[in-house]
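**Q** Okay, here's what each chain looks like letter by letter:
Protein chains: 2
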Amino acid sequence: MTEPTRPGPFRLGIAGLGTVGTGVIRLLDEHADLLEARAGRRIEVVAVSARDRSRDRGIDLDRWTWCANPAELAGLAGLDAVVEVVGGTDGPALDLAQAALKAGRPVVTANKAMIAAHGFALAETAEANGAAILFEAAVCAGTPILQTLREGMVGNRVDRIEGILNGTSNYILSAMERSGEDFAETLGEAQRLGYAEADPALDVDGGDAAHKLAILAALAFGLRPDFAGVEVEGIRDIRAADILQAERLGYSIRLVAMADLERQEGAPARLLQRVRPCLLPADHPLADIDGPTNAVLAQGDYAGPILIQGAGAGSESTASAIVADIVALARGEARPAFAVPSAGLVPAERADSGAREARYYLRFVVADRPGVLAELAAAMRDARVSIQSLIQEGESVGEDEAGITIAVVTHKAPARNVREALAQLKDSPSIAEPPLAMPIMMS
Amino acid sequence: MTEPTRPGPFRLGIAGLGTVGTGVIRLLDEHADLLEARAGRRIEVVAVSARDRSRDRGIDLDRWTWCANPAELAGLAGLDAVVEVVGGTDGPALDLAQAALKAGRPVVTANKAMIAAHGFALAETAEANGAAILFEAAVCAGTPILQTLREGMVGNRVDRIEGILNGTSNYILSAMERSGEDFAETLGEAQRLGYAEADPALDVDGGDAAHKLAILAALAFGLRPDFAGVEVEGIRDIRAADILQAERLGYSIRLVAMADLERQEGAPARLLQRVRPCLLPADHPLADIDGPTNAVLAQGDYAGPILIQGAGAGSESTASAIVADIVALARGEARPAFAVPSAGLVPAERADSGAREARYYLRFVVADRPGVLAELAAAMRDARVSIQSLIQEGESVGEDEAGITIAVVTHKAPARNVREALAQLKDSPSIAEPPLAMPIMMS
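Just so you know, the sequences run in chain order A and B.
Going by this note's numbering, the final residue of the first sequence carries number 443, and the count climbs one at a time with no gaps.
Going by this note's numbering, the final residue of the second sequence carries number 443, and the count climbs one at a time with no gaps.
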């Protein structure tokens, strides 16, 4: 730590001047001295790129070299690293990242879609060219979960990760819990309040959480990211009645992202990655996560369960994570993208999710006529799913034009058998709407 | 990350072969390949030291060079770092750390007492000799809070930290909550179950949490550690009746370690450090922390509040943290001990804790005679502490030989005024036992 000669400034090019890019610039300005003390050198923005130079961002662009095309930053002389906050799975973001790494220039990105899809290829390019690609901001923004896994838990084998990785969905589910309102109304309110995008699909259908999960699983388990292998189900079909019924049973409903490894002697470990709404018992560490918060629970074999929680989005939080990566680079701490060199990352073998056993919450909307319960029960019996409790008509969780709502809690059963039972009922005239199935997690 | 020549093994000397030292050895053995992949080089133990060579630890000592005196490790040829798990504020641990650093040899330690007392001097020695001293394990064992502050939140100014830093106290308080039993019985049970030491003083009187808090505050705020400046109060005086009463009011009681900075224009920031039992509202992030768990909530100006929680003790968890530091050293990542070079650490100016305002929970055991309430009320009035609610005889939280228990909740008042009210009552014949005062935290 004694430095005979203090290193010169660490010079950045930033591609993308939306709220995140300008947030990074604001943070670097506001904390310039603090960061210099912590990084051991000055951190300076020297070049920027954005689609539209004339847009008013409240910052003076004349301070920096302007690049009309982000890819120019890859080759611009005098840069120590490039920050990519353009966004998009492919296109300009990927072009810039690849070009910069090929030029031996480190890349910091917040782009979860790009890393989930191309992270392995980018890691290979980075290593081949002696550069680094860091993406703390891609998972839970400023809540430093990647770093916790890669550094703090470096001495652990981690075999299981559970998380609440999408703040919008969690905001909606906890708001539904409080208000008793249905999904559509709650989404509308979330959109008005800025917690949900005009097009909420990526958030409420689980895609955003799936991007993050694929990155987390790769880094924690030493595998190549397998975004396509994430089983995804969103929260659109959850009703106020489900939340109320779950509450009565002692559970809260959360969109849980889960990845675990099935290890077995003499065969490669098999990976299960799943994003879906689940029932969480009150004493589960994720059951209390409320509002637009993200949280990750990682199970270390030495450290035990570590929970980290905080904001999972927002320009300031995202800027915090990007700056953490920048400081690591400025200090010369260039680690492999996924904790181990890419040659050590093995392709994930997928686990058979149908074989996974859990208790299930099932919700049916059925026609109001005799024999319906017998039909349900028979379908469950035929699929070898045994019923633990059935909340019948008298205690029904709701009733509308479509029919009577019935909730069933099953004993432990393989996912495949539950699917089979539901498939058998699919075309029955007794079933007024497609049923909903959610696993019940253990604490 | 392309390495023309792979670096040789990273060679360790370990001083102290108690449960932590042997835990480190077990982890390094069990995860040797994983660690090599992650650190980019092999990590090897080459020398050990302990008081008694003949004790059976279930490990073969012949694998390593034996040093009868830990200080020998400081100068032993061929070591890349020394792990100090001897323990003790001064004595052999400090001698070893100082000698190793003076020899330019990095030190990894789990010794919170030593770092809280001598951390600044050790940081100076380290820097003067181009070595590093790392102590992740000293605070919350394997729950990587130092790293979260120093790396993950590096882009943030942190002005406030709150934590549950002592697992034994938290175990006892949450067990009292569940069982309704008093402190002494619960401590006895915790001792039988191995959650409390035979001499529990350091845990239940707050000293252990104070060590950790002084380290956390120094690192988060860029100050020299000021262990002597931590105001400490333990949990021995808390009764089952207090916990029950708090619960009725909607609070849980936890031993909270809190540090914050009062910043003011044109004057040095002033530090408040406090370990004391507090009432936490149900929606406070620390209110739900149960059992022997540690948790820290750090308020970043960009990242927002980050909560990290996990085991705070135990040989495996501690080994996890020590190995994280070892890997950082093996990778060549030697950072300043307290996040910035020691020359940048300013001595803490202490804040005036008496001026801090809070609502308070006060518990009195009073004689059963007329005029007692009037006397209490008068003392409060004289000290300008206004009463929000007083749980009187009829609803009293308990009654025993000593007298009647009365609980008072105050409006916001400076700590000094509350102390003054209690001092005024101290010698009153109406007061059967010394009263207890606990601040009520805000969510």
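Quick caveat, the hints were computed from the structure, so don't treat them as lab data.
As the structure is a prediction and not an experimental result, all values here were calculated from the model.
One or more of the hints may lead you astray.
Which copy? The list can't say, so a pair holds if one copy fits it or any two copies do.
To be verified - Listed below are the simulated SDA-like cross-link pairs for lysine to any residue, each with C-alpha atoms no more than 25 Å apart in a straight line:
(1) K102 with R331
(2) K102 with R6
(3) K426 with P414
(4) K426 with A117
(5) K412 with R263
(6) K102 with A37
(7) K426 with G266
(8) K102 with E44
(9) K102 with P341
(10) K426 with D205
(11) K102 with Q388
(12) K412 with V232
(13) K102 with R236
(14) K412 with I59
(15) K412 with R381
(16) K426 with D352
(17) K412 with A241
(18) K426 with S179
**Q** Next, verify each hint and record whether it holds.
**A** Each hint, compared with the structure:
1. Taking CA atoms no more than 25 Å apart as the test, K102 paired with R331 passes in both settings, with 21 Å inside one copy and 24 Å between copies.
2. In this assembly of identical chains, K102 and R6 lie within 25 Å of each other by CA distance solely across copies; the values are 22 Å between and 28 Å within a copy.
3. With identical chains, the CA atoms of K426 and P414 are at most 25 Å apart within one copy only, with a shortest distance of 19 Å there and 66 Å across copies.
4. Proximity of K426 and A117 under a CA criterion of 25 Å is satisfied in neither setting, with 34 Å inside one chain copy and 69 Å between copies.
5. In the homo-oligomer, the alpha carbons of K412 and R263 lie at most 25 Å apart inside one protomer (22 Å), although the nearest pairing across protomers, at 56 Å, exceeds that limit.
6. Taking identical chains as interchangeable, the C-alpha atoms of K102 and A37 lie at most 25 Å apart only when they sit on different chains, with a minimum of 24 Å there against 31 Å within one chain.
7. Neither within a single protomer nor between protomers do K426 and G266 lie at most 25 Å apart by alpha-carbon distance, with minima of 41 Å and 72 Å respectively.
8. In this assembly of identical chains, K102 and E44 lie within 25 Å of each other by CA distance solely inside one copy; the values are 23 Å within and 35 Å between copies.
9. Taking the shortest Cα distances, K102 and P341 sit within 25 Å of each other inside one copy (17 Å), while across copies they are farther apart (35 Å).
10. For the homomeric pair K426 and D205, the shortest alpha-carbon distance inside one copy (22 Å) is at most 25 Å, but the shortest distance between copies (63 Å) is not.
11. Taking the shortest Cα distances, K102 and Q388 never come within 25 Å of each other, neither inside one copy (58 Å) nor across copies (67 Å).
12. For the homomeric pair K412 and V232, the shortest alpha-carbon distance inside one copy (21 Å) is at most 25 Å, but the shortest distance between copies (49 Å) is not.
13. For the homomeric pair K102 and R236, neither the shortest alpha-carbon distance inside one copy (42 Å) nor that between copies (63 Å) is at most 25 Å.
14. Proximity of K412 and I59 under a CA criterion of 25 Å is satisfied in neither setting, with 58 Å inside one chain copy and 43 Å between copies.
15. Taking identical chains as interchangeable, the C-alpha atoms of K412 and R381 lie at most 25 Å apart only when both belong to the same chain, with a minimum of 13 Å there against 62 Å between chains.
16. Taking the shortest alpha-carbon separations for K426 and D352, only the intra-copy value of 23 Å comes in at or below 25 Å, while the best inter-copy value is 69 Å.
17. With identical chains, the CA atoms of K412 and A241 are at most 25 Å apart within one copy only, with a shortest distance of 23 Å there and 42 Å across copies.
18. For the homomeric pair K426 and S179, neither the shortest alpha-carbon distance inside one copy (31 Å) nor that between copies (49 Å) is at most 25 Å.
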